[in-house]
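Number of protein chains: 2
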Amino acid sequence: MLVLHQMHISGNCYKVRLLARQLGIPIALKDYGLHDGSTRTPEYTAKNPNGRVPMLELEDGRFLPESGAILWYLAEGTRFIPTDKWERAQMLNWMFFEQYSHEPYIAVARFWLAYKPKDELTAKAHLVPEWHTKGNAALGVMETHLKTHDWFAGNACSIADIALYGYTHCAADGGFDLARYPAVSRWLDRVAGQPGHVPMAERW
Amino acid sequence: MLVLHQMHISGNCYKVRLLARQLGIPIALKDYGLHDGSTRTPEYTAKNPNGRVPMLELEDGRFLPESGAILWYLAEGTRFIPTDKWERAQMLNWMFFEQYSHEPYIAVARFWLAYKPKDELTAKAHLVPEWHTKGNAALGVMETHLKTHDWFAGNACSIADIALYGYTHCAADGGFDLARYPAVSRWLDRVAGQPGHVPMAERW
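So the sequences go chain by chain: A and B. Just so you know, we're using our numbering here: the first sequence kicks off at 1 and counts up by one. Just so you know, we're using our numbering here: the second sequence kicks off at 1001 and counts up by one.
Treat the hints with care, as some may be off.
[Claimed, not checked] Among the chain A residues that face chain B by a calculated CB cut under 8 angstroms, a handful are: (1) T41; (2) Y44; (3) P49; (4) E66; (5) Y73.
To be clear, the hints were calculated from the coordinates, so they are not data collected in a lab. Glycine included, every Cβ here is placed at the ideal spot set by N, Cα and C.
Throw the hints in and build the complete structure from the sequences for me.
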């Protein structure tokens, strides 16, 4: 069986669980601690030199890091990757946007504000306004697109939607007000209404 | 003809020029200023709400942002994307690694140290050690891979190599010492030795 090396509260890891469940792909979970450095040990970095989760372990012992690459690998040949070349490029556009312009602000604000001990936040407190400015800019870019489109690529839910759902649906944890983004809010409901959807907290 | 909306010194834009030249795809260049906000005007953000270059303009007026998505779009069906599913996933792994763990430190250090007026750097000077620590970590991850592989995905130069070449080859501009990474240095020579290679400065 495939094994997902993960932290359960990580949106990047949730993306993989969400896709796997919607596709009916059995996947075992191997958990790592949030603050214990367990993904920076020599044993772990021998598998992924970048020392991060998620990392997918295949049955034959090969390892694949990076949520976007894992989503692509699991979704190839399924309804979650458009068959049209232009739509595939649009899908990747939004997946790179998510990792470069969205996650570093929205996920990072959530991690520090919701999961780090309060006394450690002090050293990062001066960054909170920048996280909020840039995170809101990313939500604004999504809102502009979703005012005239139901999905991010083509006319169906793709792995771009899964990738953007990961941290957008819990952005309030980082101090973002999703009520300011009505088209984003309606899209969140659309994603959550897809067959096989599982909430982030659900384990198996 | 395709039009690349770009800044010539941007490594993200160079990636697209490098691939296009190696594939023999004619592409016109439309330049934007580095410090004049010309990608944040209403006219520009109507085309790319995220206000960034590169952006590819198709003959029919459609627009595609994000260097990784543009590379994919231009390379589909060519030797720059492996036909094997696992190798394609590895390629995307390295492209997401580049945008998340490499570019935000190596490209950003270069931009501030080599292209920003010195008096503006003062406000960012406290970040230089973090850029260098994390950028060197990314170069170390590349070094580990390249000690036992010639290329990042499969046995040929793919768009993962193009993506990583963009800012690695000029990392010295940001204060990185590439002599510390002999396998990376040999790989840089391999990429530069590919047929059709063009240096970053070359215009057409």
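Enumerated hints in conflict with the structure, sorted upward: 1 and 2
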